[in-house]
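From first to last, the protein sequence lines stand for chains A and B.
Counting in my numbering, the first sequence runs without a single skipped number right up to 85 at its last residue.
Counting in my numbering, the second sequence runs without a single skipped number right up to 280 at its last residue.
Simulated from the structure, these hints should not be mistaken for laboratory data.
It is possible that part of the hints are untrue.
[As the list claims (entries may be wrong)] These stretches of chain B come out as covered by chain A in the derived footprint (C-beta under 8 Å, 3 or more residues):
{"id": "1", "segment": "107 to 117"}
{"id": "2", "segment": "121 to 130"}
{"id": "3", "segment": "145 to 153"}
[Stated by the list, open to error] Partial list, computed: chain B residues near chain A (C-beta under 10 Å):
{"id": "4", "residue": "V162"}
{"id": "5", "residue": "N163"}
{"id": "6", "residue": "Y206"}
{"id": "7", "residue": "L208"}
{"id": "8", "residue": "T210"}
{"id": "9", "residue": "V212"}
[Claimed, not checked] Over 10 Å on every C-beta distance to chain B, these chain A residues come out as not near it, computed from the model:
{"id": "10", "residue": "A22"}
{"id": "11", "residue": "D29"}
{"id": "12", "residue": "Y33"}
C-beta: ideal position from N, C-alpha, C; glycine also.
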Amino acid sequence: MIKALLRFILWLLLLLLTLASASFAEQPDMRLYGLIIVLLITVVKATVISEFFMGLAGAPWLWRALMMAYVPVIASTIGTIFFLT
Amino acid sequence: MQPDKAITTHASRQLPGDLAMWLFIGAELTAFALLFMVYASSRALHPEVFAQGQSQLNSQIGLLNTMALLSSSYFVVNAVASVKAARRHWAIGHLLVAISFGLAYVVLKSIEYYQSFSAGYGLTTNVFYQYYFLLTGFHYLHVILGLILLTWVTLKVAANDYTVGNTSGLESVASYWHMVDVLWLVLFPLVYLLH
Numbered sequence: 001m002i003k004a005l006l007r008f009i010l011w012l013l014l015l016l017l018t019l020a021s022a023s024f025a026e027q028p029d030m031r032l033y034g035l036i037i038v039l040l041i042t043v044v045k046a047t048v049i050s051e052f053f054m055g056l057a058g059a060p061w062l063w064r065a066l067m068m069a070y071v072p073v074i075a076s077t078i079g080t081i082f083f084l085t
Numbered sequence: 086m087q088p089d090k091a092i093t094t095h096a097s098r099q100l101p102g103d104l105a106m107w108l109f110i111g112a113e114l115t116a117f118a119l120l121f122m123v124y125a126s127s128r129a130l131h132p133e134v135f136a137q138g139q140s141q142l143n144s145q146i147g148l149l150n151t152m153a154l155l156s157s158s159y160f161v162v163n164a165v166a167s168v169k170a171a172r173r174h175w176a177i178g179h180l181l182v183a184i185s186f187g188l189a190y191v192v193l194k195s196i197e198y199y200q201s202f203s204a205g206y207g208l209t210t211n212v213f214y215q216y217y218f219l220l221t222g223f224h225y226l227h228v229i230l231g232l233i234l235l236t237w238v239t240l241k242v243a244a245n246d247y248t249v250g251n252t253s254g255l256e257s258v259a260s261y262w263h264m265v266d267v268l269w270l271v272l273f274p275l276v277y278l279l280h
């Protein structure tokens, strides 16, 4: 019951974060901060999915680390490329 | 130091689903990582073309698609939990809702493609549309494959093929579906939000 409630709260959180990232991205005066916030939100959402939905919180550390690192590495690379151009 | 406890904790940590599925997921994530990098690098080389192309996209559909995939993932994880709790009928219900959200994604994405093609944009229009159709089209195919797999496991749940201690096949498909969701979570800001 508690786990079901946690999943429901996380689902709502994911939806709210999605709306927030769309809102931040539309702010014309926050180009750099908007980029950072949108990418950070993406990392948080992906972490929630991999840890709680995929169930990697109880997986071997190597697989968990690989999955946990995937989106932060991609997001930071994209952020760097966007920032430099 | 409690060696027995340490051994038990280590042994109890296991991947959800089959190892083969996780190797496949690893390969898919690598392929998409390369595509993301190619897209971002190409954008750096052609900023005006990408800015103009991105402004033509329907970001409302992109937002709705994100909501649809996140919701679908939520119902899939609920379905796995229901099977593990021996609540087969709940699991079937959750899976059907998950499939419905997945279908909503396919319909919305198809509408978006139709709008783009109707407006005269295609793979050969410019470098932005080339990578836009390549990235989103590759992901679209993954969603369709995921929906086929979800339908298959729904039939298996209905046939009572998964039991409380035997959910590996269902967990493998669920992991694949969550991976499709994670990939879209990167695709959505990359293509629609970050101008």
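Task: Hints not upheld, ascending by number - done: Result: hints 6, 7, 8, 9 and 10 break, sorted rising.
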